[in-house]
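A.B. asks: As a plain string of letters, each chain reads:
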Amino acid sequence: MSADPHRAIHVEHLSKRFRIPLDRSATLKHRVTHWRNATRFRIMEALRDISFDVSAGEFIGIIGHNGSGKSTLLKILSRIYRPDGGVVAIEGKVSPFLELGVGFNPELTARENIFLSGAILGLGRAELHRLFDEIIGFAELEQFVDHKLKNFSSGMEVRLAFSLAIQAHAEILMMDEVLAVGDASFQQKCFDIFARYKREGRTVVLVTHELGAVTTYCDRALLLDHGRLVADGATADVTAQYRRAIGLAADGSLTTTEVERWGSRDVVVTGVRMLDSRGVVDLNPATASFVRVEIGYGIQHDAIADFVCLIWLIRDDGLMVSEASLPVSQYAQVGESQRGSGGTIRFDIPQLPLLDGAYSVDLEIQGRRDGAIYDHLKHAIHFRVIDKRARRGVVEPGGVWSVVAGEQPPDTWQDPLG
Amino acid sequence: MSASADTEVPAGATANAAQLNSFRHYRHLTLELAISQFKLRYTQSVLGYLWSLLKPAMIFGIIYVIFVVLFDVKDGTQFYGIQLLLGIVTWTFFAECTALSMQAIAANGGLIRKAYFPRSILVIAASLTSLFTFVINLCLVIVIAIALHQIDIGVRIVAVIPLLLELYLLALGISFFLGSLFVQYRDVGHLWEVLMQLLFYGSGVMFSLSYVLQRLHLARGVGVTKNLSPRDVWIAWLVVCNPIMQIVEDLRHALVTPQAPWTETIVTGHLAAVHQYAALDVPWLLPMPFLVVVLILAAGAFTFRARARNFAETL
Numbered sequence: 001m002s003a004d005p006h007r008a009i010h011v012e013h014l015s016k017r018f019r020i021p022l023d024r025s026a027t028l029k030h031r032v033t034h035w036r037n038a039t040r041f042r043i044m045e046a047l048r049d050i051s052f053d054v055s056a057g058e059f060i061g062i063i064g065h066n067g068s069g070k071s072t073l074l075k076i077l078s079r080i081y082r083p084d085g086g087v088v089a090i091e092g093k094v095s096p097f098l099e100l101g102v103g104f105n106p107e108l109t110a111r112e113n114i115f116l117s118g119a120i121l122g123l124g125r126a127e128l129h130r131l132f133d134e135i136i137g138f139a140e141l142e143q144f145v146d147h148k149l150k151n152f153s154s155g156m157e158v159r160l161a162f163s164l165a166i167q168a169h170a171e172i173l174m175m176d177e178v179l180a181v182g183d184a185s186f187q188q189k190c191f192d193i194f195a196r197y198k199r200e201g202r203t204v205v206l207v208t209h210e211l212g213a214v215t216t217y218c219d220r221a222l223l224l225d226h227g228r229l230v231a232d233g234a235t236a237d238v239t240a241q242y243r244r245a246i247g248l249a250a251d252g253s254l255t256t257t258e259v260e261r262w263g264s265r266d267v268v269v270t271g272v273r274m275l276d277s278r279g280v281v282d283l284n285p286a287t288a289s290f291v292r293v294e295i296g297y298g299i300q301h302d303a304i305a306d307f308v309c310l311i312w313l314i315r316d317d318g319l320m321v322s323e324a325s326l327p328v329s330q331y332a333q334v335g336e337s338q339r340g341s342g343g344t345i346r347f348d349i350p351q352l353p354l355l356d357g358a359y360s361v362d363l364e365i366q367g368r369r370d371g372a373i374y375d376h377l378k379h380a381i382h383f384r385v386i387d388k389r390a391r392r393g394v395v396e397p398g399g400v401w402s403v404v405a406g407e408q409p410p411d412t413w414q415d416p417l418g
Numbered sequence: 001m002s003a004s005a006d007t008e009v010p011a012g013a014t015a016n017a018a019q020l021n022s023f024r025h026y027r028h029l030t031l032e033l034a035i036s037q038f039k040l041r042y043t044q045s046v047l048g049y050l051w052s053l054l055k056p057a058m059i060f061g062i063i064y065v066i067f068v069v070l071f072d073v074k075d076g077t078q079f080y081g082i083q084l085l086l087g088i089v090t091w092t093f094f095a096e097c098t099a100l101s102m103q104a105i106a107a108n109g110g111l112i113r114k115a116y117f118p119r120s121i122l123v124i125a126a127s128l129t130s131l132f133t134f135v136i137n138l139c140l141v142i143v144i145a146i147a148l149h150q151i152d153i154g155v156r157i158v159a160v161i162p163l164l165l166e167l168y169l170l171a172l173g174i175s176f177f178l179g180s181l182f183v184q185y186r187d188v189g190h191l192w193e194v195l196m197q198l199l200f201y202g203s204g205v206m207f208s209l210s211y212v213l214q215r216l217h218l219a220r221g222v223g224v225t226k227n228l229s230p231r232d233v234w235i236a237w238l239v240v241c242n243p244i245m246q247i248v249e250d251l252r253h254a255l256v257t258p259q260a261p262w263t264e265t266i267v268t269g270h271l272a273a274v275h276q277y278a279a280l281d282v283p284w285l286l287p288m289p290f291l292v293v294v295l296i297l298a299a300g301a302f303t304f305r306a307r308a309r310n311f312a313e314t315l
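If you read the protein sequences in the order shown, they are chains D and Y.
Numbering of the first sequence is given in the working numbering, commencing with residue 1 and proceeding in unit increments.
Numbering of the second sequence is given in the working numbering, commencing with residue 1 and proceeding in unit increments.
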């Protein structure tokens, strides 16, 4: 191996396979009663032939869709998983934790949790005694030192986790999806910790979905796709490639794992996809761009005459942004419909009025007369709106500015100040 | 392509320092985990630590009432009561320690998936928690025995330390073994419960070893002239090789009744009398319990080591 003195992480031809048992053999009884059949496994290639180097002081982001292997890679780097092949060499003290507040127990007091979680973070007892006041002070929890953690608000718990984590003196930090959980204040704390690590010149490997964080803090990004390293380079290039990739990868077919679905299935949704103005699947529409949602339906029952399609846009925090409905039968000749017939419903948004954020589409087909639910799909599509101008807020109202020089408001204009 | 994932550590003195450092750190983590578990176990109920006393006390009460009061069975040894109590407290430790440590890995899935440290720490911490309780309870038994003038303190008391160590290592070995299996096969827990029932009766908790051997017509004076069937020989071997039997028996000798012989005397002395049955009159029976402990510990550590790398993935 080369002897680059500034190298912190060296990964060469790394591969990792998971063996997923095909039959349920969670009990010894099952193992004994089926002793003749060796448990069959499906081999899942989680990582294939990954090679990269990280220099000391680099802030590197790992991105990729769900199941691309990014968390697996991070777990191998922190020695939680073992690689099946290849070389992983790490120079420097690695943080042994992947998340803030690891090892916290709600039944213990703040004091006890500091000593327990601190021990996991690699802090010695004497060290923790010395740092104790600083940790509690920084978390602003002086009055709650001997209160049980379960009585803390999530904000208090996060402050405690945060002020403990900044004391960990690892040279290389591994962080997994820290932004995925917690409220806004938690996320802000996470950004603070990143900024601090960056200032201190520590090596950080960050795995996240939050492209914004990657863009802000990472010098470099790795893009994983189905266990392969498909891009390694400047953050802007890699995130752009990722945006393109997730748009194209989602072909609109329904994945049963992520969709919550219910209904009598007299009429079913056979497919749903989100298209751009060129008719190409795009799950990262830009603000004010044309968006079309296409819904395929199939009638499964002879007596269905009249039904309505409803579509909701839901923000990732659960806020219903809008609701729209269409009495399908008035547009399509479904009156004489039979089992097996179907069609496509289109919902066009000429200028998407949403700003940056994560959204999903909920769908429902219901009987028009009785309101019976035929098919309801929660989170049928997840999409992310990207505003190229990075404006703050929720909606782009399509407001039009104008300035008329030299003209004063008429006297009848109400003075808002008085 | 090598499959090593080890951290590269600079050679020489620094490596030793780093190892020493991580050893210190992991020892600290083990104690910290054990202490918090101890606190958690006893601060979450109204009676707190009393529970760990009440449990063996209640078992003692039940056995004493059934065997001594109702059926008037005694094994003929001195201070049967305190001997029984000592046996039950020792057994309770063994039962609790194995049952709880077995679950230590499976119960800490979150920690295992989120942080790196040697997985054995979780098992050791859980077993230490039970050991704390045991040591406190043992001291209380001694206090009771002193109060009842049923104790004979002599130099023999020194033997308590290696005996406790032997018992702890036995429980730890079993915990390692069961704990690594429990991650994948949860019904190991049920199986172990049943096995412990069997062990309870086969470990001389209720009766002294000499009484058991007598009942098996193996000891001097009772039916020695009778032909020993191969079945009797097997049972005798199992009883004599059971380390819990030996530990309980020797603890009694060390603390309560010096008249009760050390196990070796029981085994070699009494069985030697059965001279026509050379099968039992062999010197290598003496170290058998210790050998069993070593074997179980080795098997447990080996199984655990082989499986530990997959814990994070299995959980």
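Be careful, since some hints might not be right.
[What the hints assert, rightly or not] DEER-style ranges, computed between Cβ atoms:
(1) ILE144(Y) x ARG125(D): 43 to 53 angstroms
(2) PRO162(Y) x HIS147(D): 51 to 61 angstroms
(3) SER153(D) x LEU47(Y): 50 to 60 angstroms
[Unchecked claim] Simulated crosslink set (DSS-like; lysine-lysine; CA at most 25 angstroms straight-line):
(4) LYS93(D) x LYS29(D)
(5) LYS148(D) x LYS39(Y)
(6) LYS39(Y) x LYS55(Y)
(7) LYS150(D) x LYS39(Y)
Since the hints were derived computationally from the structure, they do not count as laboratory data.
Here a beta-carbon is modelled for each residue, glycine too, at the ideal position from N, C-alpha and C.
A.B. asks: In ascending order, which of the hints set out earlier in this document are inconsistent with the structure?
C.D. replies: Hints 1, 2, 3 and 4 are the ones this structure does not satisfy, whereas the remaining hints hold.
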